[in-house]
Structures are given as structure tokens and as C-alpha cells.
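Visitor: Spelled out, the chains give:
There are 2 protein chains.
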Amino acid sequence: MTTIQDVAKHAGVGAATVSRVLSGNGYVKQTTRERVLRSIEELNYTPNEMARNLFHGKSGIVAVIIPELAHPFFSEMVSAIEVELCNLGYQTMVCNTFYEKNYELRYLEMLKRQRVDGIIFGAHTSLAAEMYQELRRPVIGLDRRLADTIPLVAADHVAGGRMAAEELIRSGCRNVAQFGGVDDNVSTPARHRHYVFRRVVEENGLTCHSYPKQPNYSAYNTYQEAAARLFAEHPDVDGIFGTDLYAAACLQYALSHGIRVPQDVKIVAYDGTHMTRFLDPDMTTICQPIEKLANESVRLITELIKGNEISEREIILPVRLRRGNTTTGNAAAESTEAAGTVTQLQQ
Amino acid sequence: MTTIQDVAKHAGVGAATVSRVLSGNGYVKQTTRERVLRSIEELNYTPNEMARNLFHGKSGIVAVIIPELAHPFFSEMVSAIEVELCNLGYQTMVCNTFYEKNYELRYLEMLKRQRVDGIIFGAHTSLAAEMYQELRRPVIGLDRRLADTIPLVAADHVAGGRMAAEELIRSGCRNVAQFGGVDDNVSTPARHRHYVFRRVVEENGLTCHSYPKQPNYSAYNTYQEAAARLFAEHPDVDGIFGTDLYAAACLQYALSHGIRVPQDVKIVAYDGTHMTRFLDPDMTTICQPIEKLANESVRLITELIKGNEISEREIILPVRLRRGNTTTGNAAAESTEAAGTVTQLQQ
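These protein sequence lines map, in sequence, to chains Z and P.
Number 1240 in my numbering belongs to position 224 of the first sequence; there are no gaps in the numbering.
Number 1030 in my numbering belongs to position 14 of the second sequence; there are no gaps in the numbering.
In case anyone wonders, no lab produced these hints; they're calculated from the structure.
Given the structure is predicted, the values throughout are model-derived calculations rather than measurements.
There could be a bad hint or two in this list.
Remember, identical chains collapse to one label, so a pair may be satisfied in a single copy or spanning two.
[To be verified] In the SDA-like style, the derived pairs of lysine to any residue whose C-alpha atoms are separated by at most 25 Å in a straight line are:
#	residue 1	residue 2
1	Lys-1074	Ser-1035
2	Lys-1074	Glu-1125
3	Lys-1074	Lys-1128
4	Lys-1074	Leu-1151
5	Lys-1322	Glu-1125
6	Lys-1128	Ala-1024
Just need the whole structure built from these sequences, with the hints factored in.
Guide: Here it is in C-alpha cells:
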């Protein structure tokens, strides 16, 4: 195997010069640079990426911390992040926290010891923000507000909650239920959609029941049990709002119990993952901009890794209403897309 | 920040001794070891994982190469692999090939330069096995036969194909269709299920139409289009076999076109991902042992990384029929689980 010394000898220079050529750091005379590059090519030398990265203090790896990779929302998100990172020459390390603080702690310990260039953090746990700052490397929050100093990328959940409420109101619902808005102990922007949802439906004279969200995709039964409990406790419910999985479980429960959708009960899902495309009737869904969330997260983290300043403190991306056949709203002119906002860093 | 030199000085030993204590390699007197460990604790020293791994020539990272992380089967699989690897102290790097040889080549180049300890390979592309051997590090094939020298972990697709065929035969089908069994140009054990399916149904006097599989979860429309094409070309089809996504798309097409399931058409899905649990009627499914596939893959790759010999050349794990309401087979005594086999390495 060819080493950097072989290249140096072949080119008639020192190994440090070859290093400078490879890293692009430090002055090397143009003719020398060309001689080194020719030697690299002739000897078919592949620099050891790790050695090169140690030289730069970089590993080329970005860690993505999420609750559960198997969950459709996170699998689509991480897949999109991986593509973006790969296109920029980075590799993606994935960490499942399973909604457990202990897992999160364990990853933080691993990441402290392991060299990763940056972290995209999207887990739903609640460690103190200081712990991320201790890592002393770039971190961004994906749908998770960690600290004022850590940039946030999220969907416009406030608009999303309002759009869901308005769609059920337009569809004539009087007595609605949502999964979320109670027992949320993590500061995720996502919970705001549930506060807004409740406020908007109540301002319009509807009754609103809020059920706790216990996301755990591995135990898919929890969704079915939650749906069964809702229909048992509120057989007169006529409108439901929840993530794709809660919405799908409610649709399944309704159809298998002779409850007609949308005639008897209307459903609005939230997330817009592909799984909603396989349901019948076609699910009305508030779609998160998964690809844009991935793109912006990757853009910010790679800028920070390169040592560049970024001016954005919060990037809030618009959501979109995709109307299917689980609701009956049909106002033609309503806005289906919120504007999205970018909050600049206070200088 | 505390360095290894600080620890050495504090304990009154050389840095090499601290290294030996940390790595567990080489002799260190028990009293010295205890003194070093006490110094590590008192100084709150966290060894730099990368430096330690360079010392061992290990990064602690395993790469998992799959076609598409967003696909429910692969997201559940990689999630399970990540948990297993994490429990053994490894971190998981994920690589999407998107069924593209170019992506696969790119990852192989990245992995050649990047230090990863081993590779779990489950992509559906067709590079020559030599390219993996060139990497000179442990590789195992997950549902993908790379070379005689590379261990394989896969589900018992032969049994799975037979079970699907028998379930449709028992349900009284006469004219069935499957997605798969044509245009398969990659040597994946999975394709055998389609050859077996066709053989078994034809031996029993049924007609069988095989449609090409074009997996691409990002373009979920392809599934709906495939379902529409099947029903247009064979309106008299009364039994369908395909992966969860093809099965779900066919169920959706049938229900939204007044075709009754299971009365008019029976459906058997293959994979058994959680998404099938959210459908109505409940989908009859051949379930792959996703967790066991993950466990065995991780067991083999970590043994190889540790330099241990493994005797297994192929581990074929049993699949299971989970009967839902999309078929009407109801034989009580049939075997629902194949035995699974382990082929030992020829010594």
C-alpha cells in the first residue's frame, strides 16, 4: 500500500509538503504542487481519510439523534438528511434515543469520546442544554429548542395546528378530539400545534378533548389502544386530529366498527409521511416539509462545521394542507400554505 | 482538559502504561493498574475515543448499506441494527444507495478512505463481490449474496413464497398475480420467494401473472400505478402476493373501486412491517424476522471485527404467517413457521 512517504520520495519533497497539498493549507509553490499531484496519481495513492481528518481535526461524520428511526416521520427525515450530507461529502451516524433520557446520555457520552463534526439533534428528551454546549462542537436543533444559542429548524406548527382546526370547523364538526396538548414535558415546537388547535376550535364553539400522545412506533398497539379508548369515552366524537399514526389508527378503528369516514367522523392527520398515501379513504393531512427541514438542517450544520457564521437563529418552514377524503371542507380560496419565518440571530 | 500525560504524571507511571490499562492489552501490575484507574477517576479523564481506536486500529463504527432508509422494511431493520450495535458499544453509519450502482460505488470509495470497522451490506445493487473484498475489512451480506466467502443472513424466502402460495390456494383463488419474479437482476435470496410462489400455484392448477417490482418508496405513486395496471390488465384476478407496500396499494385500489377484500380478491403481503397493522381489513402477511435478522447480522459482524472465526456461512431465519382478514384460509393445523437453517462454513 502506498504511503504518504512514498509519495514524498517520488515527488522529491518532504511528507509535510504532501500534507499541505492534500489539505490545501499552507503555502506550496505551484510547480511543487503539480509534481506532488502527479506523484499521487502515478502511485495511485489514496490518502487515509482518518489521518487527513485528524490533521484537520475533522472526521467527516455528522450524528443525527432522533427518538426512533423506524417511525415513518423520522425514517423519511433521516433518509433525506443522509442524502444531503452524502452530497456534501459527509457521512451520517444515526442514534435512536427511544424517548429515554438514559439513551440520550449514553449517546452524549459516546459522542464526547467519538470524533463527530456536528450533531443534528431531533430527540424528544429533555437533557439540559448545557450538556450539548459541553460537547464543544456544532449542534443544531431539529424541531427541538435546546438553547437560545443553538439554531433551530422546525415546521410552522402554529400554522399547522390552526389549519387542522379550521379544516375540521369547515367540515362541520362540533365535538373534536386531538392526540397531544397534554403531558408534553419537552420543549418541542411541535406541541404548539395542539395549543393552537384547542384554542381555535374552542373560539369557534366546538368541544375539544385532548389525549396524551405516547409515541412509540415499535409498540404499534399503543396507537390502536388510544383510538379504541377515544371512541369508547367519546362515542359522539365527530372530528379527530393527530399525527399520521394516530390518524391511521382512528381511521382503522372507525372503518372496522361501522363508523363512516367522513360522514360520521372527520380526520385530519399531521406529518404527511408516505404511509398516509396507502390508506382508503385518502387521508386529509397537514404535511410537514420533510425535505426542506432536512436541507436546512444540513445547510446550517455544515456551515457551522466549516467555521462559518450563520445569521439564522430559527428557521420555521411552512406546512401544507393536503385535502383527502377524510374531511369535507371544500372552500376553494383558503390559503393552504403558511408563509414560514426566519428569525435572525440578535447581533 | 485532562490528557493521558496528566494521568500518567498523577499516577507516577509512563503514558504507555496508561494506554495499556485503557486498552486492556499488555501486562500491567495489579497495584499499578489500580493506581492508574484511581488517577483516571480523580482527574475525571475521558480518553479520546478516536486516539484509543487508532491505537487499536478501530473506529467503533459499523456501516449499514441499504437501498432506502425511508422504506418501512429498511427503517425497521436499521433501527434494530442500531440498537444492537449500540448495546455492544458500536455506532451505526447509514448509507442509502437508492438502487443506484453509482451511489454504491461512491459509498465504497468513501468507506475505503473512512475508517469503519465493518460493513453490513443490504443494498440491491450489483457490484462485483471483489469490490467488497478489496475493502479488506469484515463484510456480511444481509439478504444479499455477495460471494461464497462473505457470510449471508437472510429470511427463509423459499418457505415464505410457498406459505403465500398455499394461503391463496387454501382461500380458493384460481387466478393470481404477484409483484416480483421477473426482471430480477440482483442475486438476492428474496427473489426465490417469487419463483417458488409461481411453481406452487401452477402445480396446483392456478394461473399466475408476474409483474416487475420497482421498489422506490420515495416515489410512492409507483405502487399505486402498479396496482392500477394489474387490475386493468387482469380484472378477474382473485389473489395477489407482494411486499407490504404492493399489497397495501392493491388493497387501497380494490376498496376504492368497489372490489371486496377478501370476497372478490384475496391479498397476502410480504415483510410484515408495522404499516400493515394500520390497515383495514387487517392484512394477511408473511412476516420476516426483522429483529432476528438484525441480531444475527450484528453478532456476525462484531465477531469478525474482533478477529474471531465464525463457522456460519449462511444463516437462514424462519418466516411466519400472520393471518388477517384479507384471505380466508382457515386450516387450523398447518405449520405457520418454517424451521430455518444454518449452513456451516466448509472447512
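Visitor: Each hint should be assessed against the structure and marked as holding or not.
Guide: Here is how each hint holds up against the structure:
no., hint, verdict
1, Lys-1074 <-> Ser-1035, "both (15 Å within a copy, 23 Å between copies)"
2, Lys-1074 <-> Glu-1125, "both (18 Å within a copy, 18 Å between copies)"
3, Lys-1074 <-> Lys-1128, "both (14 Å within a copy, 17 Å between copies)"
4, Lys-1074 <-> Leu-1151, "both (14 Å within a copy, 22 Å between copies)"
5, Lys-1322 <-> Glu-1125, "both (24 Å within a copy, 23 Å between copies)"
6, Lys-1128 <-> Ala-1024, "between (35 Å within a copy, 21 Å between copies)"
When the structure is compared with the earlier hints, no violation turns up for any of them.
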